[in-house]
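Visitor: Residue strings, one per chain:
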Amino acid sequence: GAVVSQHPSWVICKSGTSVKIECRSLDFQATTMFWYRQFPKQSLMLMATSNEGSKATYEQGVEKDKFLINHASLTLSTLTVTSAHPEDSSFYICSARRQGGPRDEQFFGPGTRLTVL
Amino acid sequence: SQQGEEDPQALSIQEGENATMNCSYKTSINNLQWYRQNSGRGLVHLILIRSNEREKHSGRLRVTLDTSKKSSSLLITASRAADTASYFCATHRAGGGADGLTFGKGTHLIIQP
Chain A
1 GAVVSQHPSW VICKSGTSVK IECRSLDFQA TTMFWYRQFP KQSLMLMATS
51 NEGSKATYEQ GVEKDKFLIN HASLTLSTLT VTSAHPEDSS FYICSARRQG
101 GPRDEQFFGP GTRLTVL
Chain B
1 SQQGEEDPQA LSIQEGENAT MNCSYKTSIN NLQWYRQNSG RGLVHLILIR
51 SNEREKHSGR LRVTLDTSKK SSSLLITASR AADTASYFCA THRAGGGADG
101 LTFGKGTHLI IQP
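Chains as they are written, first to last, in the numbering used here: chain A, 1 to 117; chain B, 1 to 113.
Chain B with its partners taken away, still in its complex shape (with noise of 0.2 Å):
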């Protein structure tokens, strides 16, 4: 079943304004991971926030956690043009690190310049 649910499944905003994305998930988790990927491309790690946090910052980047509601959101703050992609979030199953990552279905964020 799918693990992850973003929403909005597409965001569209002007340069410059902030960008929120949301993920929601079903079973237990040790952390939550945020991909971006461009276009057709592999995708690159943005962050990963554990169970016992509830807030991480990088750069623009803003990942809060609430494992009561079993969700996430990620913010982009003053977006730029190269900010266009798809974002997906990711967890591991059942608290297994080993296992392969199930993602949710993504946010496809569009910056207009």
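Next comes chain A alone, as it looks inside the complex (with noise of 0.2 Å):
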């Protein structure tokens, strides 16, 4: 159990284009879903904390306008990443808290990598 999947693996877009990435959680629900992103070669730096049916709490640094993220539901939230360029080209990963869980557990999802071209 405790399955977290991303949708899609891996996309290429052009530069200026928007690219949607879905994390789920397949067989439980969370009430919080945490975005990560990670550069070639680099660790990986948290993003925003998503909250189902609030507003995401986004990291310093990071631009709420330009990561747009949506958790509508207890399985699903979607990070946007608006006008996209070729300097938010990484591999972003999603982890989801299990609703009732502990606090400190956390499931990965396998992770997008997107390339801006």
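Since the hints were made in silico from the structure, they are not lab data.
Even glycine gets a Cβ: it sits at the ideal position worked out from N, Cα and C.
Among the hints, erroneous ones may be present.
Coverage of chain A stretches by chain B, computed from C-beta distances (three or more under 8 Å per stretch; other residues unrestricted) [what the hints assert, rightly or not]: (1) 19-26; (2) 67-80.
In silico lysine to aspartate or glutamate, DMTMM-like type, Cα no more than 25 Å apart, as pairs [as the list claims (entries may be wrong)]: (3) B:Lys26 - A:Glu105; (4) B:Lys56 - A:Glu105; (5) A:Lys41 - B:Glu53; (6) A:Lys41 - B:Glu15; (7) A:Lys66 - B:Glu53; (8) B:Lys69 - B:Glu53; (9) B:Lys105 - B:Asp66; (10) B:Lys56 - A:Asp104; (11) B:Lys70 - A:Asp104; (12) A:Lys55 - B:Asp83; (13) B:Lys70 - A:Glu59; (14) B:Lys105 - A:Glu87; (15) A:Lys20 - B:Asp7; (16) A:Lys20 - A:Asp65; (17) B:Lys56 - B:Glu17; (18) A:Lys41 - B:Asp7; (19) B:Lys105 - A:Glu59; (20) B:Lys26 - A:Asp88; (21) B:Lys105 - A:Asp27; (22) B:Lys70 - A:Glu105; (23) B:Lys105 - A:Asp104; (24) A:Lys64 - B:Asp99; (25) A:Lys55 - A:Asp65; (26) B:Lys26 - B:Glu15; (27) B:Lys105 - A:Glu105; (28) B:Lys26 - B:Asp66; (29) B:Lys26 - A:Glu59; (30) A:Lys55 - B:Glu15; (31) B:Lys105 - A:Glu63; (32) B:Lys69 - A:Asp104.
From the two separate chains plus the hints, produce the assembled complex.
Guide: Written as structure tokens, this is what we have:
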């Protein structure tokens, strides 16, 4: 149990377009989901915390108008990279905290590789 | 600011040898976790050690935690080629379990067959 999926697994887009990435908890309900970004050969950096039914909380330095997060249900959070540019090319990973589960337990998705040309 | 710092950044050893990676952090924590990431893939949770624990074992993994030095180590014994991956430590900030994780820079481990 506790499987998190992401779609798509990879995407290539042209500069200026918007890209939506989905994060789904497949067999549990997730009150909180997290979005991370990982540049090549670097570590993961937390971008934002997404709570079902409320606005996301963004980390310092992350543009909320650039990275739109919607957590419309207990099993789905989406990250939309608006007007993507080559510097947005990165590996985006989500994680989910199970409703009623231990607060320090997160389940990670497999990641989405975004390449902006 | 970067919470976790691993060293070494890269480690190459022969299959069968033991691999030790270290992690330091800056703030108070409730627990510290170690993850593995194969190239271009998602994260695999390895082990969690709580702030009131000093050592924990899981199979070939041994984790220590020294809260006075704000450091942790991950030991992989009898390494295998399949252990080749990047290893990250991660913590929750300031005792908040609902927060996202702060990851260290990671150690890239290469096991030579």
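Visitor: For a C-alpha distance cap of 25 Å, please report whether Lys105 of chain B and Glu87 of chain A respect it.
Guide: The given pair, whose Cα atoms are some 20 Å apart, holds under the 25 Å limit.
Visitor: Taking 25 Å as the top limit, are the C-alpha atoms of Lys20 of chain A and Asp7 of chain B close enough?
Guide: Distance of about 36 Å is beyond 25 Å: violated.
Visitor: Does Asp88 of chain A lie within 25 Å of Lys26 of chain B when you go C-alpha to C-alpha?
Guide: Violated, because 29 Å separates the two Cα atoms, which is more than 25 Å.
Visitor: Hinted pair, alpha-carbon criterion (25 Å max): Lys105 of chain B, Asp27 of chain A. Please report holds or violated.
Guide: violated, 31 Å
Visitor: Below or equal to 25 Å on CA atoms is what counts here, so check Lys66 of chain A against Glu53 of chain B.
Guide: Not satisfied, since the Cα-Cα distance of roughly 41 Å exceeds 25 Å.
Visitor: With a cut-off of 25 Å on the C-alpha distance, tell me whether Lys105 of chain B and Glu63 of chain A pass.
Guide: holds, 23 Å
Visitor: Does the alpha-carbon distance linking Lys41 of chain A and Glu15 of chain B stay inside the 25 Å limit?
Guide: This hinted pair holds, its Cα atoms lying about 23 Å apart.
Visitor: Check whether the Cα positions of Lys55 of chain A and Glu15 of chain B lie no farther apart than 25 Å.
Guide: violated, 48 Å
Visitor: Please verify whether Lys20 of chain A and Asp65 of chain A have alpha carbons no more than 25 Å apart.
Guide: This hinted pair holds, its Cα atoms lying about 14 Å apart.
Visitor: Has the given pair, Lys26 of chain B with Glu105 of chain A, been kept, meaning a C-alpha gap of at most 25 Å?
Guide: Measuring from Cα to Cα gives roughly 21 Å; hence the hint holds.
Visitor: Does Asp104 of chain A sit within 25 Å of Lys70 of chain B, going by the straight-line distance between their CA atoms?
Guide: Holds, at roughly 19 Å.
Visitor: Please verify whether Lys64 of chain A and Asp99 of chain B have alpha carbons no more than 25 Å apart.
Guide: Holds. Lys64 of chain A to Asp99 of chain B sits at ~18 Å (cutoff 25 Å).
The structure fails hints 1, 2, 5, 7, 12, 15, 20, 21, 26, 30 (numbered hints given earlier, in ascending order).
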